[in-house]
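We have chain X; now place chain V onto it with these hints.
As given, the protein sequences belong to chains X and V, one line each in that order.
Take the first sequence: its letter number 22 is residue 22 in the working numbering, and every next letter is one higher.
Take the second sequence: its letter number 127 is residue 127 in the working numbering, and every next letter is one higher.
Any given hint could turn out to be false.
Okay, the calculated bits of chain V under chain X, using three or more residues with CB under 8 Å as the criterion [said to hold, decoys possible]:
hint: 1; stretch: 184-193
hint: 2; stretch: 201-214
hint: 3; stretch: 282-293
Pairwise CB distance ranges (calculated) [unchecked claim]:
hint: 4; chain 1: X; residue 1: Ser426; chain 2: V; residue 2: Glu467; range: 38 to 46 Å
hint: 5; chain 1: V; residue 1: Thr227; chain 2: X; residue 2: Ser215; range: 21 to 29 Å
hint: 6; chain 1: V; residue 1: Gly307; chain 2: X; residue 2: Thr447; range: 54 to 62 Å
hint: 7; chain 1: V; residue 1: Pro109; chain 2: X; residue 2: Leu166; range: 44 to 52 Å
hint: 8; chain 1: X; residue 1: Glu467; chain 2: V; residue 2: Gln290; range: 26 to 34 Å
hint: 9; chain 1: V; residue 1: Thr325; chain 2: X; residue 2: Glu306; range: 56 to 64 Å
hint: 10; chain 1: X; residue 1: Arg88; chain 2: V; residue 2: Glu467; range: 32 to 40 Å
hint: 11; chain 1: V; residue 1: Pro465; chain 2: X; residue 2: Ser215; range: 41 to 49 Å
hint: 12; chain 1: X; residue 1: Asp385; chain 2: V; residue 2: Pro465; range: 24 to 32 Å
hint: 13; chain 1: V; residue 1: Glu266; chain 2: X; residue 2: Glu266; range: 26 to 34 Å
hint: 14; chain 1: V; residue 1: Arg88; chain 2: X; residue 2: Thr447; range: 31 to 39 Å
Since the hints were derived computationally from the structure, they do not count as laboratory data.
C-beta atoms are modelled at their ideal positions from N, C-alpha and C, and glycine is treated no differently.
Protein chains: 2
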Amino acid sequence: MKNDVSILRVLQSALLQVARFVLRPAPKAGVALVLALALFTGADAQELPRPETFTLSNGMQVVVITDRRAPVVTHMVWYRVGSADEARGHSGIAHFFEHLMFKGTREIPPGEYSRIVARNGGDDNAFTSWDYTAYHVRIARDRLELIMRMEADRMRNLRYTDETFLSERDVIVEERRQRIDNSPGAVLGERMRAMLWPHHPYGTPIIGWLHEIQSLDRASAQAFYETWYAPNNAILVIAGDITAEELRPLAQRYYGRLRPTRDLPERTWVSDPPNVGPMRVTHRDEKVRQPSLSRIYRAISYGTDEGRQAHALDVAIDILGGGETSRLYRALVEDQRIAVSAGAGANTSGLGGGSVSVYATPAEGVTLEQVEAAVDAVIAAYLRDGPTDAELARSKSSLAAAAVYSRDSQESLANMYGASLAQGESIDDIVNWGNDIQAVTRDEAITMARQTLDINASVTGWLLPPEEAQ
Amino acid sequence: MKNDVSILRVLQSALLQVARFVLRPAPKAGVALVLALALFTGADAQELPRPETFTLSNGMQVVVITDRRAPVVTHMVWYRVGSADEARGHSGIAHFFEHLMFKGTREIPPGEYSRIVARNGGDDNAFTSWDYTAYHVRIARDRLELIMRMEADRMRNLRYTDETFLSERDVIVEERRQRIDNSPGAVLGERMRAMLWPHHPYGTPIIGWLHEIQSLDRASAQAFYETWYAPNNAILVIAGDITAEELRPLAQRYYGRLRPTRDLPERTWVSDPPNVGPMRVTHRDEKVRQPSLSRIYRAISYGTDEGRQAHALDVAIDILGGGETSRLYRALVEDQRIAVSAGAGANTSGLGGGSVSVYATPAEGVTLEQVEAAVDAVIAAYLRDGPTDAELARSKSSLAAAAVYSRDSQESLANMYGASLAQGESIDDIVNWGNDIQAVTRDEAITMARQTLDINASVTGWLLPPEEAQ
Chain X
1 MKNDVSILRV LQSALLQVAR FVLRPAPKAG VALVLALALF TGADAQELPR PETFTLSNGM
61 QVVVITDRRA PVVTHMVWYR VGSADEARGH SGIAHFFEHL MFKGTREIPP GEYSRIVARN
121 GGDDNAFTSW DYTAYHVRIA RDRLELIMRM EADRMRNLRY TDETFLSERD VIVEERRQRI
181 DNSPGAVLGE RMRAMLWPHH PYGTPIIGWL HEIQSLDRAS AQAFYETWYA PNNAILVIAG
241 DITAEELRPL AQRYYGRLRP TRDLPERTWV SDPPNVGPMR VTHRDEKVRQ PSLSRIYRAI
301 SYGTDEGRQA HALDVAIDIL GGGETSRLYR ALVEDQRIAV SAGAGANTSG LGGGSVSVYA
361 TPAEGVTLEQ VEAAVDAVIA AYLRDGPTDA ELARSKSSLA AAAVYSRDSQ ESLANMYGAS
421 LAQGESIDDI VNWGNDIQAV TRDEAITMAR QTLDINASVT GWLLPPEEAQ
Chain V
1 MKNDVSILRV LQSALLQVAR FVLRPAPKAG VALVLALALF TGADAQELPR PETFTLSNGM
61 QVVVITDRRA PVVTHMVWYR VGSADEARGH SGIAHFFEHL MFKGTREIPP GEYSRIVARN
121 GGDDNAFTSW DYTAYHVRIA RDRLELIMRM EADRMRNLRY TDETFLSERD VIVEERRQRI
181 DNSPGAVLGE RMRAMLWPHH PYGTPIIGWL HEIQSLDRAS AQAFYETWYA PNNAILVIAG
241 DITAEELRPL AQRYYGRLRP TRDLPERTWV SDPPNVGPMR VTHRDEKVRQ PSLSRIYRAI
301 SYGTDEGRQA HALDVAIDIL GGGETSRLYR ALVEDQRIAV SAGAGANTSG LGGGSVSVYA
361 TPAEGVTLEQ VEAAVDAVIA AYLRDGPTDA ELARSKSSLA AAAVYSRDSQ ESLANMYGAS
421 LAQGESIDDI VNWGNDIQAV TRDEAITMAR QTLDINASVT GWLLPPEEAQ
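Here chain X stands alone, though its shape is the one from the complex:
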């Protein structure tokens, strides 16, 4: 996806990160962006390295991906809690904790966590999705224990004052203003999601609705933390210069003594009523320089599918809209020259379901009506005829190769395991992903495309400047 993917990002954005850190590629969809130098070496090499796993007595799951190439480790803690687990009216609290986790414990003063990591030559990161919240550190192997001690400490012993709580709330309000409310595309994308998921928590923005962020209170925040931030709700993923045997005593020492949450709640989310027909929304804002069309469709995901459905959908949508060889790009940008960008992407990683996004930015003098008609024509032809064998082979190889590339990035690999496990997949699912992609048949791909690209289960968004300015 080398096109302008900003709209796509907004629609799919399944991650919200602490703003001070660099955006890193999301797992799976993201690995395509990790352009490592590895050669694509055929089907056998498509399996990912199988990590070692064990579980501590308090229920904490541990995943170890040994990588001896450098004396470095990636340490990640993934909590099986995200914004989709928030109570009604308390949107934003999961992401709020991504911030509060840096606000200190009895051992570590507020703000010191990242400074200590940096002073020790590491860097850290954190992010929140609908499905999980994750804390990452990359650091020299000989500093691993330091990180484990600090990370275990803040899992259960966070301490912050009322003042800190309120001032961090202001920080998040400002973050929301900058990321969402000042970005017409983000505002539109947020509403499109709310329309596509009228009831399911995926319709609520990860960062939370502004008025609800503003009224988040410390008592319910604390209850959220004490319930969900617990070893029996966490996955420790360590990639790097260490084996499970070496890690086990450390994991036991730092994480093993943490108290689990008794009666950890089941993660049950409400689901949506059936779709009734095509939905549309138009957003106009003076900050819009370039009109654009976007559409999201309801879809299955690796968390909800059966068999190879999500694999088939990933392949089908890659053919339709992934990159400059895709149908949408070639038709709208190259052949018809009515769009300056066009594409599609499948967001199939959600624990509770997925979506497919389609977008196009019209060329000068072309209306959104015209671009939308052209998009619809490409989709109609695709659903009628299905992919060619060449398209199918190219997309499968390209997706499978992306997984293989990720083997060269310790962090990408760890990310993929952590996110996929937190989203309900098994180690086998992850190891075999590349092979399963290669196994997708033409029939499977076209079946999933037809099932998913149903205008009756979609929201189409138009982003435009104010009416006068047209």
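Here is chain V on its own, set in the frame of chain X:
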């Protein structure tokens, strides 16, 4: 509103009634339909009779409207709980209780309540809205105590078996199928509401989403009942051949001994994020014989407004779309002859906000695009020029007269007091409603029209037959 108001009803339908009873007019908006024979006798007569009120020691509010014309009473119990108070994922439970309340107590066997009322020459009714649940009986004055005893009994002592619970759930599923799922207009209206209120509980249908009704369980139903069905959450409205002095000992005897709910929860509902722009949805179904256009706008209500805003909105929307003298009807049906019906209505009674609905049914050979353009033109002219003095005077008189007419219907009057009190208004608000309507100025009306008829805070729905059939 003598036009085809079926779409309007679906969009506004703030009531869901036990199916076996006749649909009676909703309060306030409904009183216009109560065409009593009373003469409109000028401004002074626009005040409604002021009821006597008192409160029992357990917190139950009592309202008595003495009406000596016949030896008959209307006995109503209004609970300050409705579908908007349901927990996330448990939609339909409020309406479920409207059914379960007829399923017996230790004293009254299942199904006997209505039979006893009927054997005593009365009739009963029950309904559920987002804001309240109400139980009505109309009966001879000398049978009042019988009703009070039975109604007090079932407020706290409902008894039903698991089997009854499950079989009644099936009844409600079937009710939903008939009322909503078999009615394309209802399906469309339900989704339009979900889009207009993406977060606020008014976006959830009163009857509940089908899949959630199907999974309602007895334990959470029972908790709902025990919390909300309590004297300190109820209003007793009695209209008829009785005074407060006569009623008080009876009320004390039957209702006064009921245990209140301790720590009755506050009715706090989540609210919606700002609107981002016009939303649209199209629903096609083979059962659609006649395409139609409908639109809903967010609005204030008597429960959320300040000063005379809701009064002004009622007047403004009546001028736009109330009946055959309205702008929409005259323009689309009479002058342009492009629609067979057209109108608008304000639903201003909600405790948590209101809406305005606009609808039109195109004439043979006219498209929905054409009808929508005509509707938009009428609205644009109205917002530009405002109402004429004659329109203003006529609408105010017609609305105020409707309130006066209701004085002749014991039940309408009781209905109006009960519903309005349950929706947060005061006795004074109700008594003075007609005068306040008469006081609405041209500026107030046009201000509210402009504030409300904002396409950016609206959902437009198209109802059509399947594409092939066009």
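Hints, verified against the model:
1. Only residues whose C-beta sits within less than 8 Å of a C-beta in chain X count toward coverage, and the stretch 184-193 of chain V has 4 of them, enough to reach three; the restraint holds.
2. With 6 residues bearing a CB less than 8 Å from a CB of chain X, the stretch 201-214 of chain V meets the requirement of three and the coverage assertion stands.
3. Note: the stretch 282-293 of chain V has 3 residues with beta-carbon separation from chain X under 8 Å; the three-residue rule is met and the coverage holds.
4. In this structure the supplied range 38 to 46 Å holds for serine 426(X) paired with glutamate 467(V), their Cβ-Cβ distance being about 43 Å.
5. Taking 21 to 29 Å as the suggested C-beta distance range, the pair threonine 227(V) and serine 215(X) conforms, at roughly 24 Å.
6. With their beta carbons about 59 Å apart, glycine 307(V) and threonine 447(X) fall inside the hinted range of 54 to 62 Å.
7. Look at proline 109(V) against leucine 166(X): about 58 Å separates their beta carbons, and that is not inside 44 to 52 Å.
8. With their beta carbons about 32 Å apart, glutamate 467(X) and glutamine 290(V) fall inside the hinted range of 26 to 34 Å.
9. Between threonine 325(V) and glutamate 306(X), the C-beta spacing of about 59 Å keeps the proposed range 56 to 64 Å intact.
10. About 38 Å separates the C-beta atoms of arginine 88(X) and glutamate 467(V), a value consistent with the hinted range of 32 to 40 Å.
11. Separation of proline 465(V) from serine 215(X) is about 46 Å and conforms to the stated range, judged on CB atoms against 41 to 49 Å.
12. Checked against the given bound of 24 to 32 Å, the beta carbons of aspartate 385(X) and proline 465(V), roughly 28 Å apart, stay inside it.
13. Distance hint check: the CB atoms of glutamate 266(V) and glutamate 266(X) are about 28 Å apart, consistent with the given range 26 to 34 Å.
14. Here the CB-CB span from arginine 88(V) to threonine 447(X) is close to 34 Å, well matched to the stated 31 to 39 Å.
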